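K.L.:
Next come the chains, spelled out residue by residue.
Protein chains: 2
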Amino acid sequence: MKPVKLGIIGCGIAANKLHWPALKGMENKFEIVCVCNHTKPKAKDFARTVGGVPYVLDYHELLKMKDVEAVDIALPIELNYSVTKDALDSGKHVIVEKPLACNLSEGRKMSGFPKKYKQVMMVAENFRYFPTILKIKECIEEGKIGEPYWVFWNNFLRISTAPTKWRIKHKYPGGFITDGGVHNMAALRFLFGDITSGRALAKSINPKIGKMDSMSMQFSTTSNVNGVFNCFFSANGNLENRLTILGKKGSIVLERDTIFINRDQQTFREAVAANNGCKGEFENFYYAIREGQNIVSNFYEAYKDLEVIITAVESAKKGQVFYL
Amino acid sequence: MKPVKLGIIGCGIAANKLHWPALKGMENKFEIVCVCNHTKPKAKDFARTVGGVPYVLDYHELLKMKDVEAVDIALPIELNYSVTKDALDSGKHVIVEKPLACNLSEGRKMSGFPKKYKQVMMVAENFRYFPTILKIKECIEEGKIGEPYWVFWNNFLRISTAPTKWRIKHKYPGGFITDGGVHNMAALRFLFGDITSGRALAKSINPKIGKMDSMSMQFSTTSNVNGVFNCFFSANGNLENRLTILGKKGSIVLERDTIFINRDQQTFREAVAANNGCKGEFENFYYAIREGQNIVSNFYEAYKDLEVIITAVESAKKGQVFYL
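Chains as they are written, first to last, in the numbering used here: chain A, 1 to 324; chain B, 1 to 324.
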């Protein structure tokens, strides 16, 4: 099968740090034919980085190129809706960075795109392709911890200064909670199904990184699992990323890249190959285009991830229980 | 000053494992003059344990003894109200095991006892005397972590079979959640003030240990700290007891008996002398009787601890937000 001819729109952090490192080893699947950024230096630099391809400053030009089969959209979140729509209107397959959209109204419209367009479309939600998350799903399905009944995810991070202007003056509710938290929500929904209700409390500790940076959310799922998602971006002195799943016969703890099954008894410990899932997501995109493979991280799922986070963020202002 | 002449009512686990080990080294403060249990073998055994003192089977007899100045009530929770009242009516000072009462109606009446009786009365809530909790309070007050804004307490324990019949067929809502969780709530309120609102979700995983054994509670406090209290008694394979406090300038983590301040930077680590607080509580009782010292673990505080837990337990059935 021939490589997919790909245009990359947006030459910022996601393109440089996440997508390019994944695409670099996949020359048999993707051929980057053009890149685009509205500022010339970034476009030029990235064009050189990916092997000296042409670059344009206006994405409409890229969409007009007949040899571009698919586009990778890695732009500020508020542009996802319009650029994705334009790309689909021009007949391109689309992979677009998470979160799907900057508000639920645009997200809802996008979740309807699969009915309107025939092309492949997916969201670059790498948590759905994390080796650790896939392994945990397998362990649960194999019954290693019995029926799971409660999940806790502590995401205690520290972001002192945001790397991008659009992240600070964010045009979407929740700031880093939405931008970062949607990842964890994708994994939680992937493992335990839809969120049916919940309640969140939130604070803004460091206004320099946006309007909200600290949220604790309680939730229930369709698979009868309850959970707590702690999403903190101004933590200090005790940073951790720990997922704990209590099951009726045992427990799973994920700390960074290590999975512990029944940690106390040390029956199982596996350091899954550290891998951010980006390669898996591009493989899914490729096989969907060439062989009709199902998209795991589709627009519907991405909309549902976003719906939970934005609903939680909004309801946190009043401390009300939300129902989905 | 002369030792306080003490009668102990109830010769079960609390008397044997918590109170006696504390009283053993305090002969200059307490002289045990009589013990009481309604079953003879337990009364006889405990009377021998504490040095061969007389025992009775009916606590009314003990209350009639003129040389008994104070009583230590360590009975099933549902007896706390009536025995405490009888003891106060008979003129004795009272220390009674936590939780204060088996329901809020009796608890509320007991919280009014200080207005009705002149004697010293206190609840044996050892968490208010834990060296680790006192040290954490000191660290916060010294500004070591700046303004605290969120607290998380993970109490993942495993109780397979309950040691006492009255704990299994419990006459108080919440089972182990109430009996055990009231300790953590005492410490949380001691550190961060009253709970103003919250929401809890609960499940029963192992009905053999009571009607409810797993609860996660979200809350807000008068000191503008939000929190999550995870109280799980049927955890499996990942037991932990970890208190995490996020402050604007740093964090505190308590794991069992070790306090970490800014764990990542390892600026401070102190293994506070392991001590269950029981000695501290009896010292407070003694100095209150002999010198008029204030009781830290008074009936009002114990009622407020219980109020939060029972309100959370009851509201968890419907997943409603509660306000206090």
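Treat the hints with caution; some may be incorrect.
Stated by the list, open to error - Result set (DMTMM-like, lysine to aspartate or glutamate): computed pairs, CA atoms no more than 20 Å apart in a straight line: (1) B:137 x B:314; (2) A:248 x B:240; (3) B:2 x B:27; (4) B:249 x A:240; (5) B:17 x B:27; (6) A:317 x A:283; (7) A:203 x B:147; (8) A:17 x A:283; (9) A:169 x A:314; (10) A:17 x A:27; (11) B:208 x A:147; (12) A:249 x B:257; (13) A:248 x A:147; (14) A:17 x A:61; (15) A:208 x B:147; (16) B:203 x A:147; (17) B:5 x B:27; (18) B:116 x B:89; (19) B:248 x A:240; (20) B:211 x B:78.
Said to hold, decoys possible - FRET-style restraints, in silico, Cβ to Cβ: (21) A:163 x B:256: 48 to 56 Å; (22) A:137 x B:318: 26 to 34 Å; (23) B:196 x A:157: 26 to 34 Å; (24) B:147 x A:323: 47 to 55 Å.
Since the hints were derived computationally from the structure, they do not count as laboratory data. Computed from a predicted structure; not experimentally measured. All C-beta atoms in this analysis are idealised placements derived from N, C-alpha and C, irrespective of residue type, glycine included.
K.L.:
Next step is simple, just say for each hint if it's right about the structure.
P.N.:
Here's how the hints hold up against the structure:
1. About 30 Å separates the Cα atoms of residue 137 (chain B) and residue 314 (chain B), which puts this hinted pair outside 20 Å; it is violated.
2. A hinted pair counts as satisfied when its Cα atoms are at most 20 Å apart, and residue 248 (chain A) with residue 240 (chain B) qualifies at roughly 16 Å.
3. At most 20 Å may separate the alpha-carbon atoms for a hinted pair to count; residue 2 (chain B) and residue 27 (chain B) meet this at roughly 10 Å.
4. Proximity of residue 249 (chain B) to residue 240 (chain A) is assessed by CA-CA distance (about 16 Å); at most 20 Å being required, the pair is judged to hold.
5. Simply put, residue 17 (chain B) and residue 27 (chain B) have alpha-carbon atoms about 17 Å apart, close enough for the 20 Å limit, and the pair holds.
6. Between residue 317 (chain A) and residue 283 (chain A), the direct Cα distance comes to roughly 40 Å. Violation of the 20 Å bound is thereby established for this hinted pair.
7. Of the supplied pair hints, the one linking residue 203 (chain A) and residue 147 (chain B) holds, its CA atoms being roughly 13 Å apart against a limit of 20 Å.
8. At roughly 17 Å between alpha-carbon atoms, residue 17 (chain A) and residue 283 (chain A) fall within 20 Å of each other, so this suggested pair holds.
9. Distance hint between residue 169 (chain A) and residue 314 (chain A) is fulfilled; the C-alpha atoms sit about 18 Å from each other, no more than 20 Å.
10. Taken as a hint, the residue 17 (chain A) and residue 27 (chain A) pair is honoured in the structure, with Cα atoms around 17 Å apart against an allowance of 20 Å.
11. Using a Cα cut-off of 20 Å, the hinted pair residue 208 (chain B) and residue 147 (chain A) holds, with the two alpha carbons roughly 18 Å apart.
12. For the suggested pair residue 249 (chain A) and residue 257 (chain B), the alpha carbons sit about 28 Å apart, so the restraint of at most 20 Å is broken.
13. For the hint pairing residue 248 (chain A) with residue 147 (chain A), the CA-to-CA distance comes to about 5 Å; that is within 20 Å, so the pair holds.
14. This hinted pair does not check out: residue 17 (chain A) and residue 61 (chain A) have alpha carbons roughly 25 Å apart, beyond 20 Å.
15. For a cut-off of 20 Å, the pair hint linking residue 208 (chain A) to residue 147 (chain B) stands: about 18 Å separates their Cα positions.
16. The straight-line distance between the Cα atoms of residue 203 (chain B) and residue 147 (chain A) is roughly 13 Å, inside the 20 Å bound, and the hint therefore holds.
17. Taking the CA atoms of residue 5 (chain B) and residue 27 (chain B), the gap is about 10 Å. The hint holds against a cut of 20 Å.
18. The straight-line distance between the Cα atoms of residue 116 (chain B) and residue 89 (chain B) is roughly 10 Å, inside the 20 Å bound, and the hint therefore holds.
19. Proximity of residue 248 (chain B) to residue 240 (chain A) is assessed by CA-CA distance (about 16 Å); at most 20 Å being required, the pair is judged to hold.
20. Distance hint between residue 211 (chain B) and residue 78 (chain B) is fulfilled; the C-alpha atoms sit about 16 Å from each other, no more than 20 Å.
21. As the Cβ distance of residue 163 (chain A) to residue 256 (chain B) is approximately 38 Å, the hint placing it in 48 to 56 Å is violated.
22. A hinted range of 26 to 34 Å for the beta carbons of residue 137 (chain A) and residue 318 (chain B) is consistent with their spacing of about 32 Å.
23. At roughly 28 Å, the beta carbons of residue 196 (chain B) and residue 157 (chain A) sit within the given window of 26 to 34 Å.
24. Against the hinted window of 47 to 55 Å, the Cβ-Cβ separation of residue 147 (chain B) and residue 323 (chain A) comes to about 33 Å, which falls outside the hint.
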